[in-house]
Amino acid sequence: MRYEYTTQGVCSRSISFDVEDGIIRNLEFLGGCNGNAKGISALVEGQRVEDVISKLSGITCGYKTTSCPDQLSKALKALEQA
1 MRYEYTTQGV CSRSISFDVE DGIIRNLEFL GGCNGNAKGI SALVEGQRVE DVISKLSGIT
61 CGYKTTSCPD QLSKALKALE QA
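In my numbering, the protein residues as written are 1 to 82.
Among the clues, some could well be false.
Stated by the list, open to error - Below, a list of computed lysine-lysine pairs in the BS3-like style, where the Cα atoms sit at most 27 angstroms apart: (1) K77 - K55; (2) K38 - K77; (3) K38 - K64; (4) K38 - K55; (5) K74 - K55; (6) K64 - K77; (7) K64 - K74; (8) K38 - K74.
Claimed, not checked - Simulated DEER-style distance windows between Cβ atoms: (9) G39 - K77: 14 to 24 angstroms; (10) E28 - D51: 17 to 27 angstroms; (11) Y63 - G22: 30 to 40 angstroms.
Don't read these hints as lab results, they were simulated from the structure.
Here a beta-carbon is modelled for each residue, glycine too, at the ideal position from N, C-alpha and C.
Please work from the sequences and hints to get the whole structure.
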């Protein structure tokens, strides 16, 4: 199933992804740093949701209190709580 998450406090505007049997697939960031977004997407492809949450939660970007990786962890947490 395809999920869409509207980010807050970062350069990217949204994150979309699929989760199949607890595995992340087809992750895409809309906006933000193109290279970093592609890198994050490639690194988490095929990873378990809970593993990605534990690795990315709390990462900051410069002076910001969040980051695109942290926003991805928030999106995945929201999915787990739904």
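Each hint, compared with the structure:
1. K77 - K55: Roughly 13 angstroms between the alpha carbons, so the hint for K77 and K55 holds.
2. K38 - K77: 21 angstroms, holds
3. K38 - K64: 21 angstroms, holds
4. K38 - K55: 17 angstroms, holds
5. K74 - K55: 12 angstroms, holds
6. K64 - K77: 20 angstroms, holds
7. K64 - K74: 15 angstroms, holds
8. K38 - K74: 18 angstroms, holds
9. G39 - K77: 14 to 24 angstroms: Once the Cβ atoms are compared, 21 angstroms apart, the range 14 to 24 angstroms for K77 and G39 holds.
10. E28 - D51: 17 to 27 angstroms: 19 angstroms, holds
11. Y63 - G22: 30 to 40 angstroms: 34 angstroms, holds
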